[in-house]
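Chains as they are written, first to last, in this note's numbering: chain A, 3 to 94; chain C, 3 to 94; chain V, 3 to 94; chain Z, 3 to 94; chain W, 3 to 94; chain Y, 3 to 94; chain L, 3 to 94.
It is possible that part of the hints are untrue.
FRET-style restraints, in silico, Cβ to Cβ [claimed, not checked]:
id, chain 1, residue 1, chain 2, residue 2, range
1, A, Pro19, V, Pro56, 42 to 48 Å
2, Y, Lys80, Z, Glu81, 50 to 56 Å
3, V, Glu55, C, Lys60, 19 to 25 Å
Selected chain V positions facing chain Z (in silico; Cβ < 7 Å) [unchecked claim]:
id, residue
4, Thr58
5, Glu81
6, Leu83
7, Phe91
8, Leu94
Please keep in mind that the hints were generated in silico from the structure rather than gathered at the bench. Heads up, the beta-carbon is just placed ideally off N, CA and C, and yes, glycines get one too.
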Amino acid sequence: MSNINIKPLADRVLVEPAPAEEKTASGLFIPDTAKEKPQKGVVVAVGTGKKDEPLTVKVNDTVLYGKYAGTEITVDGKEYLIMRESDIFAIL
Amino acid sequence: MSNINIKPLADRVLVEPAPAEEKTASGLFIPDTAKEKPQKGVVVAVGTGKKDEPLTVKVNDTVLYGKYAGTEITVDGKEYLIMRESDIFAIL
Amino acid sequence: MSNINIKPLADRVLVEPAPAEEKTASGLFIPDTAKEKPQKGVVVAVGTGKKDEPLTVKVNDTVLYGKYAGTEITVDGKEYLIMRESDIFAIL
Amino acid sequence: MSNINIKPLADRVLVEPAPAEEKTASGLFIPDTAKEKPQKGVVVAVGTGKKDEPLTVKVNDTVLYGKYAGTEITVDGKEYLIMRESDIFAIL
Amino acid sequence: MSNINIKPLADRVLVEPAPAEEKTASGLFIPDTAKEKPQKGVVVAVGTGKKDEPLTVKVNDTVLYGKYAGTEITVDGKEYLIMRESDIFAIL
Amino acid sequence: MSNINIKPLADRVLVEPAPAEEKTASGLFIPDTAKEKPQKGVVVAVGTGKKDEPLTVKVNDTVLYGKYAGTEITVDGKEYLIMRESDIFAIL
Amino acid sequence: MSNINIKPLADRVLVEPAPAEEKTASGLFIPDTAKEKPQKGVVVAVGTGKKDEPLTVKVNDTVLYGKYAGTEITVDGKEYLIMRESDIFAIL
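The shape of chain A in the complex, shown without the other chains:
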């Protein structure tokens, strides 16, 4: 992962989405159902949290988040998502 120089504010997290795949190396499989499917990605930068609430996720954590979470930004030709930690469901 490239050394990225973005400091998310407060409870925001910068995530590099995993490439779309049917079944990942670790066996995670995103089924094709009617329900909203979580997306997977790797955290590349985190904010300093809100007052009295430091963030839980860390850089390099692989995380699951909602399909519509975050805002797309592109740095040096790579696509990232910037979202609030509350948009993240779990750490794999």
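Take the given structure of chain A and dock chains C, V, Z, W, Y and L to it, following the hints.
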């Protein structure tokens, strides 16, 4: 239950839904009425809770939750739901 | 009342609804008007309350609650409602 | 007023509505305008209040409340309204 | 002003609206524009305030409030408005 | 500026709007675009603030505020706006 | 950057938007997708923050913010945006 390696964030809980059945071994019966029916499942992973509010449910608890609670994820071919503890009505 | 083994979470309460009747033994009468009519039932299990807010209702209390309060669940063939304590208007 | 055995929960208050009249003995007159008109009644039972906020109204207080406040219940053939104290505008 | 016997609850205030006029003795003039125009009146009774927040307005204060503020009540043939203090913009 | 005798309540501020002009003496220019344009005015009276939150703006501050902020009132023939301090964007 | 004399209130920040470009010197590239795209700019003035919450961004920080964030103002012929710090996603 397989040893699952997902860490839900904050007040989120990972639940393995029970197979659909008319009447369970313990006698719980989900009637076919117009009201929203709760669903049953087993907790397989829990978050660390919110600030000053640890979670109440524990891994292996059988829980009742709302029909539309949570987001479906599949790990190693098994379907799970990730939801907030507040989506859980009761522990059986 | 059967010995029921459900632990409602937080501020939730399990209620066994009273059978529909025009006038109860204790004289409570639910009129047939246009306004939402409260329902009557007996508390069979209570949660542990929210942080710093223990519940007020107790098992065996007869309570009045809103017509659309709670979610139906059936245990051992009997119908119950699981609701938040704030859905309960009064103890009879 | 009959000795009524209902314990309202939290910040709820049981009110016996005054009979509809154009001008009461104490001179209160509810005009017939387009604005929502308050209703008058007598408090017959009060809850214990919310955490750190005891109720202000007392049994036997005559109160004014919004036209659509509360839920109708009937005990021993008499109609009452159960409402939150915040639905009450003033004590007469 | 008549000695009125109404105790507004919490942060509520009883106001006797000033008669509609184009320009008052003190020079306040309510223009005829498209914007919502404030109304003027005299406070005749005040509540005890909310927890830790005593009221600012006092009996006999002349106040400006929003056009649609409050609920009309009539006592001894006189029209009053009962409103929350937050509906009052300023003291003249 | 005339000596005005209005005491705004809580976090409210009385502002004398600047006359509409294309470019002010200090060089502030309000462009003619599709976005909501801020308005400029001078503070003539301020409230005492909310509990534990004194106001920041002072009498004689020139302020920028939203186009639709506040309620128009007229005193001694002059037009003013009464608004909450949170409707004010900045002090010039 | 010109020495600008505007004091944003509370948690507001004055930002000079970067000129629209496809790819900046530092390699940030705003792609042309269906998702809301962040905008880039330089902070030229900051408020004093809210009670107990000083601001994180500083004058001269380059920031990313939402496409519809803020209100346009023009000073000395230059366009600026005034927005809340919470509208800012990250510092570059």
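For the hint on threonine 58(V), just tell me whether its beta-carbon gets within less than 7 Å of chain Z. holds, 6 Å
Outcome of range test on Cβ distance (lysine 80(Y), glutamate 81(Z); 50 to 56 Å): holds, 55 Å
Given phenylalanine 91(V) as an interface hint, is its Cβ closer than 7 Å to any Cβ of chain Z? holds, 5 Å
19 to 25 Å was suggested as the range; check whether the CB atoms of glutamate 55(V) and lysine 60(C) agree with it. holds, 22 Å
Does leucine 83(V) pass the interface check with chain Z, least Cβ-Cβ distance below 7 Å? violated, 16 Å
Please verify that hint: glutamate 81(V), Cβ, nearest Cβ of chain Z, below 7 Å or not. violated, 22 Å
Checking hints one by one. Is leucine 94(V) an interface residue toward chain Z, by the C-beta closer than 7 Å rule? Check passed: Cβ of leucine 94(V) comes within 6 Å of chain Z, closer than 7 Å.
Distance restraint evaluation - proline 19(A), proline 56(V), Cβ atoms, bounds 42 to 48 Å: Holds, since proline 19(A) and proline 56(V) (Cβ atoms, about 45 Å apart) stay within the stated range.
Of the numbered hints given earlier, the model fails hints 5, 6; all others are met.
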